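K.L.:
Sequence:
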Amino acid sequence: MSKRFRARAVTTLFALAVSSMWALTGADAAEPASSFNVSAKPSSMAASRGVTLTASAKQVEEGDRFALTAVIKSPAKAATVTLQRWHVPPYFGEPSWQSVKTLRAKRKSKVTFRAVATDLNDARYRVSLQYRDNRKRFVSNATAVTIWRWIPLSEYDPYYETSGLLFGEAAINGIRYVGWGAAYFSHAGTWEARFTPGRHCKAFSGVLGVADVSDDGSSGTVKLTADDQVIYESTPLTPGMDLPVHIPLSKPYRIGIQLFDTSPDAIESWPVIGEPELLCTGV
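Each residue of the sequence shown is one higher than the one before, counting from 14 in our numbering.
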């Protein structure tokens, strides 16, 4: 065998090996672990298989119930429908579709599954359809539901704050909360902290008041800012008063909380917020 022939044979084998590897990679890439693009419409192949999946809500809060409805094109031929959820292991292992529940089709064109929002940030579902006269299963399009959850403000470190602020227990109108606000040892009169949720949060909630150790006749106020613009200012807060608030946010990059002791001279109050939380996703 000549050197030219041997070189040509090696080149051919190498090309075949590369081609085989490319074909294998293409097959594996049909459902990459990091893929989460479910915004596109169902493919023509999925539609021809006769089953699609839709969610009753595209955005829910953690703990909410919602419905997932499979629409079957040929219900008379369908045997069972299995709901599957995309599972990503928290530490190690390969992401995969895991079966959640199987229902009999019973010649219905629509089969509905009930779900509870427990995943972090997103939940991804599809259904697998089994026909009576075919052993092979067919799968629907994938659909995603965005999940919002309440995150305690204490999980965010302020990037700026004045002295005399802390997280801890706060007593407002006789009720003890896990709270945040002006510390009892601080006599500054005004306090401020700024946090960076990074455009992932759409609401703030908490119970506003002045700490029960505040003087009789004292008062205070609380302001909330979003990207340096005041978006909320409380009414005057006095001892024995609690004010639950739910303040919508337009996904600001930064939020700020300003506390003011508005008491007359020689009288002091310590404004605080009980159970301060942010409604966020993607964090």
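FYI, nobody ran anything at the bench for these hints, they're computed from the structure. Nothing here was measured: the structure is a model prediction, and the numbers come from that model. Careful: at least some of the hints might be erroneous.
Unchecked claim - Pair by pair, the computed Cβ-Cβ distance ranges are:
(1) Gly202 / Thr248: 16 to 26 angstroms
(2) Ala196 / Ile260: 45 to 55 angstroms
(3) Arg145 / Pro257: 22 to 32 angstroms
(4) Ala201 / Thr159: 35 to 45 angstroms
(5) Glu174 / Val113: 40 to 50 angstroms
Glycine included, each C-beta is placed from N, C-alpha and C at the ideal position.
K.L.:
All the hints need checking, so say for each whether the structure fits it.
P.N.:
Quick rundown of the hints versus the structure:
A hinted range of 16 to 26 angstroms holds for the C-beta pair Gly202 and Thr248, which are about 19 angstroms apart. Our hint of 45 to 55 angstroms for Ala196 and Ile260 is violated, since their Cβ atoms are close to 24 angstroms apart. Between Arg145 and Pro257, the C-beta spacing of about 55 angstroms breaks the proposed range 22 to 32 angstroms. Separated by about 40 angstroms at the C-beta atoms, Ala201 and Thr159 satisfy the suggested range of 35 to 45 angstroms.
Evaluation of the 40 to 50 angstroms hint for Glu174 and Val113 yields a pass: the beta carbon distance comes to about 44 angstroms.
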